[in-house]
Amino acid sequence: KQEVTQIPAALSVPEGENLVLNCSFTDSAIYNLQWFRQDPGKGLTSLLLIQSSQREQTSGRLNASLDKSSGRSTLYIAASQPGDSATYLCAVSALTGGGNKLTFGTGTQLKVEL
Amino acid sequence: SAVISQKPSRDICQRGTSLTIQCQVDSQVTMMFWYRQQPGQSLTLIATANQGSEATYESGFVIDKFPISRPNLTFSTLTVSNMSPEDSSIYLCSVTGGPEAFFGQGTRLTVV
Chain A
1 KQEVTQIPAA LSVPEGENLV LNCSFTDSAI YNLQWFRQDP GKGLTSLLLI QSSQREQTSG
61 RLNASLDKSS GRSTLYIAAS QPGDSATYLC AVSALTGGGN KLTFGTGTQL KVEL
Chain B
1 SAVISQKPSR DICQRGTSLT IQCQVDSQVT MMFWYRQQPG QSLTLIATAN QGSEATYESG
61 FVIDKFPISR PNLTFSTLTV SNMSPEDSSI YLCSVTGGPE AFFGQGTRLT VV
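For the protein sequence lines, the chains are A and B, in the order given.
Its first residue numbered 1, the first sequence is counted upward by one per residue in this note's numbering.
Its first residue numbered 1, the second sequence is counted upward by one per residue in this note's numbering.
Chain A extracted, bound-state conformation:
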């Protein structure tokens, strides 16, 4: 059974700092890995998708990497801003006959302070 862990569980940084969020998964047979942002009480916003054949993806100040063989992914946020404060979730998918099902990590709650 796939298990996804995120470290740290919570993080507080001053504005402008670069930071790294970590995600690890136990079964390397994944279809893809996706990073999401969740604001309190809200749904999920997709940030980056890395397919199993890819090593990294970039969008603006965000960069996500994937090392499938070691079961790890990192999300790098450059020059953090207070608006980045949210919970960040990584999720891995296994493509089965039942569709693209996601297994989520426990999340990292980020607070960027002025």
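Hints may be right or wrong, so weigh each one.
Said to hold, decoys possible - Here are the computed lysine-lysine pairs in the DSBU-like style, where the Cα-Cα straight-line distance is at most 35 Å:
| id | chain 1 | residue 1 | chain 2 | residue 2 |
| --- | --- | --- | --- | --- |
| 1 | A | 1 | B | 65 |
| 2 | A | 68 | A | 42 |
| 3 | B | 65 | A | 42 |
| 4 | A | 1 | B | 7 |
| 5 | A | 111 | A | 68 |
| 6 | A | 111 | A | 42 |
| 7 | A | 42 | B | 7 |
| 8 | A | 111 | B | 7 |
| 9 | B | 7 | B | 65 |
As the list claims (entries may be wrong) - Which residues of chain B face chain A? A partial, calculated answer using Cβ under 8 Å:
| id | residue |
| --- | --- |
| 10 | 99 |
| 11 | 100 |
| 12 | 108 |
As the list claims (entries may be wrong) - Residues from chain A that face chain B, not an exhaustive set, calculated with beta carbons under 8 Å:
| id | residue |
| --- | --- |
| 13 | 43 |
| 14 | 46 |
| 15 | 51 |
In short, the hints are calculated from the structure, not lab data.
We treat Cβ as the ideally placed atom computed from N, Cα and C, and that holds for glycine.
We have chain A already, so just place chain B on it with the hints.
Same frame as chain A, now just chain B:
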């Protein structure tokens, strides 16, 4: 990308009652997924809803408690039946567009 609308966005319900959550997608999709997020927890898949067939439930979730309808390729409903305070969660529907998953804004349910 896909735009997903969920209704209601939140509700407070009495124990023992049922609530039906609606999920509308702006494009036709084969599969729709329903997730639950209990307070302070991450998301757990409840079931996969296929148009024209019975939903497929994950371990720990049963049809009597979470009946699902999928009448067409853009719409699905999830009912939370005979609710108890333990059902207080955010319920989210999701679809995939190619390899990427998209989520609605969720339904925040509080059972009192």
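Hints, one by one, checked against the model:
no.	hint	in the structure
1	A/1 to B/65	24 Å, holds
2	A/68 to A/42	30 Å, holds
3	B/65 to A/42	24 Å, holds
4	A/1 to B/7	32 Å, holds
5	A/111 to A/68	28 Å, holds
6	A/111 to A/42	16 Å, holds
7	A/42 to B/7	13 Å, holds
8	A/111 to B/7	30 Å, holds
9	B/7 to B/65	19 Å, holds
10	99	5 Å, holds
11	100	5 Å, holds
12	108	6 Å, holds
13	43	4 Å, holds
14	46	6 Å, holds
15	51	6 Å, holds
In summary, this structure violates none of the numbered hints.
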